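*Asks:* Using the sequences and the accompanying hints, generate a full structural model.
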Amino acid sequence: MTALAHRPVPAPYAFAQSPCGGLEMEIMGAALRMRASGALFDLAHRALIVADLHFEKGSAYGMRGQFLPPYDTRDTLDRLEAEVAALSPRVVIFLGDSFHDGRAEDRLSPDDAARLVALAQGRTLIWLVGNHDAEGPQRLPGQVVDTMPLGPLVLRHEPESGEQPGELSGHLHPCARVSSGRGTVRRRCFATDGTRMILPAFGAYAGGLNLKDAAFTGLFCRPPLAGALGRDRVHAVGWRSLTGD
Amino acid sequence: MAEDAALPADLLPAAFADWFATRGWAPRTHQLEMVARARAGRDALLIAPTGGGKTLAGFLPSLIELAQRPPANTPRGIHTLYISPLKALAVDVERNLATPIREMGLSIVAESRTGDTGAARRQRQRVKPPDILLTTPEQLALFCAWEGARAYFEDLSCIILDEIHTLHSTKRGDLLALDIARLQTFSPDLRRVGLSATVDDPDVIRRWMGFHGGDGAPPPVDLVLGPAGTPAIVDVLLSEGRVPWAGHTAQHAMAEVYEVIRKAKTALVFVNTRFQAEFAFQELWRLNEDALPIALHHGSLAAEQRRKVEAAMARGELRAVVCTSTLDLGIDWGDVDLVIQLASPKGASRMVQRIGRANHRMDEASRALFVPANRFEMLECQAAREAIAENRFDGDPPRVGALDILAQHIMGCACSEPFDALALYDEIRTSGPYRALAWEDFELVVDFVSTGGYALRAYDRFRRIVKGQDGLWRARNAETILRHRLNVGAILSPAVLSVRLAGRGGRAGRKIGEVEEGYLEALEPGDTFIFAGQVWRLMGVTALDVLVSPAPSSDPKMPSWGGSKFALSTFLAKRVRELMFDQSHWAVLPADVREWLELQRDRSLIPAEDEMLVETFPRGKRHFMVCYPFEGRLAHTTLAMLMTRRLERMGAAPLGFVCNDYALAVWSLNPMDGVDLDTLFHQDMLGDDLEDWLAESYMMKRAFKGCAILAGLIERRFPGAEKSGRQITFSADLVYDVLRRHEPDHLLLRCARDDAATGLIDVARVGHMLARIQGKIRHAVLDHLSPFSVPMLLEIGKERVPGAAGEMILAEAAEDLIAEASS
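Going line by line, the protein sequences match chains A and D. For what it's worth, the working numbering labels the leading residue of the first sequence as 1, then goes sequentially. For what it's worth, the working numbering labels the leading residue of the second sequence as 246, then goes sequentially.
Please note: incorrect hints may appear among the correct ones.
[Claimed, not checked] Short derived list, chain D residues pointing at chain A, Cβ under 8 angstroms:
hint	residue
1	Glu-688
2	Gly-697
3	Tyr-699
4	Leu-701
5	Phe-707
6	Arg-709
7	Lys-712
8	Gln-714
9	Asp-715
10	Arg-728
11	Ser-976
12	Leu-979
13	Val-980
14	Val-983
15	Leu-984
Because the hints were derived from the structure by calculation, they are not lab data. Keep in mind it's a predicted model, so treat the numbers as computed, not measured. Built from N, CA and C at the ideal position, the CB exists for glycine as well.
*Replies:* This is the structure we're talking about:
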């Protein structure tokens, strides 16, 4: 054998495509399904986990005179409701930055607020706080927390530096960019090294940060796998297929 | 036009007559005519070829008025405003005006103002306006958004619009037309003067220039025609080698082109794409045994590098410049005596413009040489040559002003002073492009500017413009105004990356040039490519830089630069079809092209001018359908996208398609001989099929982004501002998706659709074509490919074949195909 044998070679990533187009893998023994919508489903707890919804980002720009279409909250809710209808989760967990700013909850249209209330019927909503919404929602149903455990996992908004086995987080809005001779695609993605996972942003107007960006350095114990969001499925993309912006 | 209608003898004051005399010139009829029109207070459009003293004719009335102006107690405002589409041209005209002003001892101040003008001069110009100000449409839009614009321009008596033929059919032209209407309100006696190269239909420009005469009035702008100029001598290179079946590089003719350059004083070598420019430059230098100074000029080179080439050209140090449309317009270079057009001319008007770059003197003919790169281009070059000889040109359809530009203008008006909606509406309709603007659309745009114009009234509290108690609309606050000023203009520049030498440790070194975002997308690190005349290896791409290292001896993998942005003009396409059908006309063509046409006639058929030929034939395990609409690559691509959808439904199982300016080929698993062509090409193709495809297409997203920026929904990004925190900004694509899902009828989606339909996919042209060929489709069912189809099949899969290996594969494939078609 060559010298290579001395270096610990990590096992290849173990994942499976689920019939719904999702990508299933285990983290610290917890069975998780990455959904093409960008939501994560914890099968044991029937928990639907979404990150960085940035409700009312459009109206935050609108207040400053830049009139982005005021439909981002509605659009995000459409997709969230579809996931709830498809999976019937017992609990919906928001991984922080659910609101674009501290006053965003006040700007929710009555319609959109009512939809969030309806979402809490028959299930629990848990709002982790993020840097954009440090107080969490004040009037909407659900529980506001900083971090929370979920079986062997720990959930928080912003990934902590160093190795964090079992952590699920958001905040960074990971994006995968893949180039081929026929062109380039840039898509939101899950990012995981098999011990922790960073979720893509779920909000309609949330931008993305390339997984090759320095902000991701040091977070993974080996080159991460990207679960890139396709139209109806999540594509497992290896590190070597990714390019920077 | 009565050229010799008696002009009053005293048109020119003595000082001016003397000045002409000392120069040894006689004032030309059209110059005097312009003076007479001005004296009568008439607006005028002067159409004259290059070198006819056109600029002086435009300025002469103003110089006379200024020279005769009595002294005033108080400083006066600007007398004459000159608008040029190019910064460099404004500066050049400033220099040229200085001569008569100095030599006649006139006390007239003429100054330019462009984006490059220093802050001190700009400030001074604002406080103490020059008599003549030379500037660009973008600067004028900024002026009009100033507080105090009305007072600044109240003395304005003349506006001169130079090279107007390049502006009137664009969004820049829309913005300019609106600003002219504004100026006319500030100074009701303002006289408009247009200067244009020869165009197909001067009335289109006359109507664009103004409408303030009211409904039903004859065109309010007088037409003055300059002398016809000496006809250009245009030759088509009938290569000694055979004309290739396909390809766009004209490689076969490079040795002959080099010989022609060697015999000329200075040559401009025009090509259609940056790739062709790099390729031709490379080839010419390979042949350049005499080490002639031959330079390269295209839009991806660094600005300072382009300036260097232009300066060397102006000093007469160069023998040839290989260039793209970047040199279509610009300052005069007296020494250019030959214009070479490599590959397809695309349109007659553009060619006349390019040919006009040679020999800026009226009495000598300009010389031009067309070098076709393939057989269809040989037909196109002949057709263009004949059109130019007959003085026939492509027509621009009259322009309907874009609503995103209108939004920008309305915001600008509010930044300048409070406005009354009805008065502004009336003013806007005096501008050509907006003369038919409906009040409902105007209201929509005002609401868009104010609140974003959404059905969900989310922003009524944050209005950008607010209607006051007095019924007037005002900008919300100083911040809103400042933000608008940073976003003025109708030019959209794609994000650019710098190409830099890779330094040690992956750091960026010296800058070599700039490329547009997405330009090197198909390349991987380690790949080689030609740029700025040299071969480079791509080392990596960072946020703002493309890092490269020299790879002098490598065989470059040339990135496809994409096709030309110019489509084959409808007019020229028609002439090509005529030439093709008229067998008595074939004598002008070289023997091999003639044989090719004869072969096509015998083995398939040659359609009449108003017919469209469709061929179907099997080849290998595939079935092919090739049709020949001659409507340009853009329209063909759109048509092919829609056709393949239909063929899919008809069960043909289409696999792919390829398009060029003349034809398109679709291949499929199942035979298409039995396809009902009338159904396939029915006009309802532009209904649901188009909508479905368009909604998802990247072209709509691109168009939307452009409209959103021009209308002020998305702000322009400035270099350096986007380095960090990409996840906290938003992308235009996300906004597009959300808006399309929730308010598909929104004004900006309408704008984007119109833009995509005209510019990016040429729907209008597809529509005209479908109407044209109703009942006129000629179907040739063949057992094998036809001579005409060979160039199309050679295009298949061409884009991604690297280097010499690819050339070999192609060459072999080409020989096989040609043998097959001729057998």
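*Asks:* For each hint, tell me whether it holds in the structure or not.
*Replies:* Hints, one by one, checked against the model:
1. Glu-688: violated, 17 angstroms
2. Gly-697: holds, 3 angstroms
3. Tyr-699: Result: holds, 6 angstroms to nearest chain A Cβ.
4. Leu-701: holds, 5 angstroms
5. Phe-707: holds, 5 angstroms
6. Arg-709: holds, 5 angstroms
7. Lys-712: violated, 16 angstroms
8. Gln-714: violated, 22 angstroms
9. Asp-715: Violated, about 22 angstroms.
10. Arg-728: Result: holds, 7 angstroms to nearest chain A Cβ.
11. Ser-976: holds, 6 angstroms
12. Leu-979: holds, 5 angstroms
13. Val-980: With a closest approach of 6 angstroms, the Val-980 of chain D hint holds.
14. Val-983: holds, 5 angstroms
15. Leu-984: The hint holds - Leu-984 of chain D has a Cβ within 8 angstroms of chain A, the shortest such distance being about 4 angstroms.
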